[in-house]
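Student: Listed here are the chains, written in short residue letters.
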Amino acid sequence: MDGIIFLQWAFDAVLGLGLLWLAWRALNSSDLFKAIVLFIAFGLLMALAWVRLNASDVALAEAAIGAGLTGALLLAALARLETMTDQNVSGVSAHPAHPPSPTPAGSRFSRGLLILLLSASTAGMGYAVWSLPSYSTGLSMDVAAHLDSSGVSNPVTAVLLNFRSYDTLLEMIVLLLAVLGVWSLDGLPPQPEKPPATVLETLSRFLTPVFILVAAYLLWVGADAPGGAFQAGSVLGATGVLLLLSGWRPRARLMQWPLRLALTTGAGAFILLGLLTLLLEKQLLAYPVAQAGRMILLLESLATVSIAATLAILFLSVSSGHKMKTGKEEKE
Amino acid sequence: MTATDYAAACLFILGGIFFFAGTAGLLRFPDVYTRLHALTKADNVGLGLIVAGLVLQAESWLVAGKLLLIWLLVLFAGACVAHLVARRALRKGIRIWTE
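Protein chains in written order, with this note's numbering: chain A, 1 to 332; chain B, 1 to 99.
Rather than coming from a laboratory, the hints here were simulated on the basis of the structure. A couple of the hints might just be wrong.
[Said to hold, decoys possible] Some chain A residues flagged as far from chain B (calculated, every beta-carbon gap over 12 Å):
| hint | residue |
| --- | --- |
| 1 | Arg25 |
| 2 | Asp31 |
| 3 | Lys34 |
| 4 | Arg52 |
| 5 | Ala123 |
| 6 | Val159 |
| 7 | Arg164 |
| 8 | Val174 |
| 9 | Asp186 |
| 10 | Phe206 |
| 11 | Leu207 |
| 12 | Gly274 |
| 13 | Val305 |
[As the list claims (entries may be wrong)] Pairs of lysine-lysine residues, derived as DSS-like cross-links and limited to a Cα-Cα distance of at most 27 Å, are as follows:
| hint | chain 1 | residue 1 | chain 2 | residue 2 |
| --- | --- | --- | --- | --- |
| 14 | B | Lys92 | B | Lys66 |
| 15 | A | Lys194 | B | Lys66 |
| 16 | B | Lys41 | B | Lys92 |
| 17 | B | Lys66 | A | Lys34 |
| 18 | B | Lys92 | A | Lys194 |
Even glycine gets a Cβ: it sits at the ideal position worked out from N, Cα and C.
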């Protein structure tokens, strides 16, 4: 068995060093496209690291959101940056070729302010880590003791959707704010549908039902095993991104109130349920034990819809105003 | 270790060889088309062998079915993505490597 332990140790060491190396390369790369690809690879290795730490829930979320959807968003943003600056791929670099013109006083001030704020928050986080008790059993015992009353048997879901469900409520609002932020910059211009090419059409037609099935499975299994709203939502969101990339566009009719309803339903359900529980149980989001399982499933289902809509719409908004796949090369 | 475990181990090693060869090809082959060839070999056959090994060791038919499904999905996605990359490269005018 010593050999197995050594192998695991070696694997972890390679994984950890690989992560550091990828992070450094991604930050240090002068080519933004390369940096994004390195970031995606970093996300996938990070998911592996979470698996090694026995945190499959986080691993699923990291692979789907951290590597997949964030990568897609970054690539779309880069493609848009290229059309905006009207340069080709190698032209957009993190380090401009020309020496920057002397910075005006305002920009220097804001840069100084940025450094100050970043240093302050880093110092705050450092202090928080420093002041942690050196030995702690954590809260896993408490969670295990109350798991029976949570309505689910997966402790992660119990914490996220019951014991600390206001965290998830706030996360839903953060997602909503992200869409509002992007829309306030540019709105959502109408997009012409481009019929996809044969292979992409087959791919998207075949994979969409599979993805929906996987999302439903992840949502359902979240009660007892790794999975849940965020994982299911990101898989559904990725389906949306695949369809958008293939050239499909949602009907204009759907882009009006049905879209807004989908975007807000998760946060809305949380707030409604929070108010109800506040009235009836005198505590925010304290579900009655008998109904807890059903309420969690309801909340998670609605949150899945919202998360998926948010992620897909973020991608559509970021990539809009730019010909997705053809614009880049045809210019060259 | 039982005979099944030995058979599975052989499949893992074979799969590992394919992944190794695919990685070497990805790093060493001269152009995008040949690199795609190396990459998809690793994905299709290498992963297929590893999944076959895992299926041998699977505890139930359900697990075995899920593993096979993963392989089929990777096959499908790999074939489509390789086609898309190669087509884009051709349209962009990247020459096919000849000696």
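Student: For a quick check of understanding: which of the numbered hints are violated here, in increasing order?
Tutor: Result: hints 10, 11, 14, 15 and 17 break, sorted rising.
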